[in-house]
Every structure is written in C-alpha cells, then in structure tokens.
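The whole structure should be built from the sequences, with the hints applied where relevant.
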Amino acid sequence: MTTEPSTTPDPTPPDPGPGSGAAHRTWAALHRLSERHAATEQQRRRHTNPYLADPYEAIAVLLALAAGAAEPTPGEEPVDQADLLAALALVPHLRAEVDTLEAGLLTLARGRGLTWQAIGHALGLGSAQAASQRYDRVTARADPATGTPGVGEPAG
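Per the UniProt record's numbering, the very first residue in the sequence shown carries number 1; after that it's consecutive.
Derived by calculation from the structure, the hints in this document are not laboratory data. Backbone N, C-alpha and C define an ideal beta-carbon position, used for all residues, glycine too. Take the hints with a grain of salt, since some may be wrong.
Here are the computed distance ranges between Cβ atoms for each label pair [said to hold, decoys possible]:
1. 22 / 64: 22 to 28 Å
2. 133 / 42: 36 to 42 Å
3. 77 / 112: 28 to 34 Å
Structure below.
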C-alpha cells in the first residue's frame, strides 16, 4: 500500500530552548496518541497478547514490584534473583523491538514528507543531520541483513 506524502505544513512547533521542550513534547505526544488511538481499553489492547505479557510489560511489572511501587497480589511470590535475571534476558529483545519501531516511524515520517529538521525536533535532537544519522544507525541495527545483533544476541 502506497501513501501519498502529506501536503500539510511542517507540524514542528518553534523550539522553546534547551531543557524546556522535551517534557512538553513527551506529554503532548502521549496525550495526542492516547486521545486519538488509545482512548478505550479495546483500542489499547488491540496489539497485545491477552494471554502473555510482552517484554516491556513483564520488565515494567517486575521493576515496579521489586522497587515497591506496586503491591503483589495475594499469594504472589516475591521478586527473586531468577526473576531479575529473566528480566535482564528480555532487555535485548525489548531493545530490538524499540529499534524496529523507531526505524518504521522514521521511514514513515520521511515517506510522508516530514523534514529531517522536524523529525530531529520531535526526537529532541539538535539538527537535521543528527536526525538523519540516527536514522542510519537505527535502521542498521533493526535490519538483520546487515549482520548486526538481533533479538537475544549480545551487542558486543
């Protein structure tokens, strides 16, 4: 399926300066996507497996339990060393998933006519060149044809 590049003006707001924009951009992005595409439980659950936690959810739950930020359910075992090792084993998979998501978003953004400057601003980068270089790095990591480590393989 081919999509036409957008003819709308550059959506990048003016940069409010160092340090002041990142938190606002993060909140605004989360609010926009939640309101438009994840407003209901049905919308939020459409990409998840109802029978098994994904790596992010498994790590986040374990971290919250281990840090005391979440209460265990009655009868739930406390977090032990094997749980921590299992969570650490999921990190390379999670990192590969994030790289694949970012590579896909960057490819879509460029395909729909967004400038490197706009993309760099959204990512909190200082320049169009930094955004372009990030695209090169992320797509290289996300592309198994390059021979870079994949899911479950150490990076070094």
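To see whether the hints hold, each was checked on the structure:
1. 22 / 64: 22 to 28 Å: Distance hint for residue 22, residue 64 holds at roughly 24 Å.
2. 133 / 42: 36 to 42 Å: Holds: the Cβ-Cβ distance is about 39 Å, inside 36 to 42 Å.
3. 77 / 112: 28 to 34 Å: Since residue 77 and residue 112 have Cβ atoms about 47 Å apart, the given range 28 to 34 Å is violated.
The structure is inconsistent with hint 3 alone, although it conforms to all the rest.
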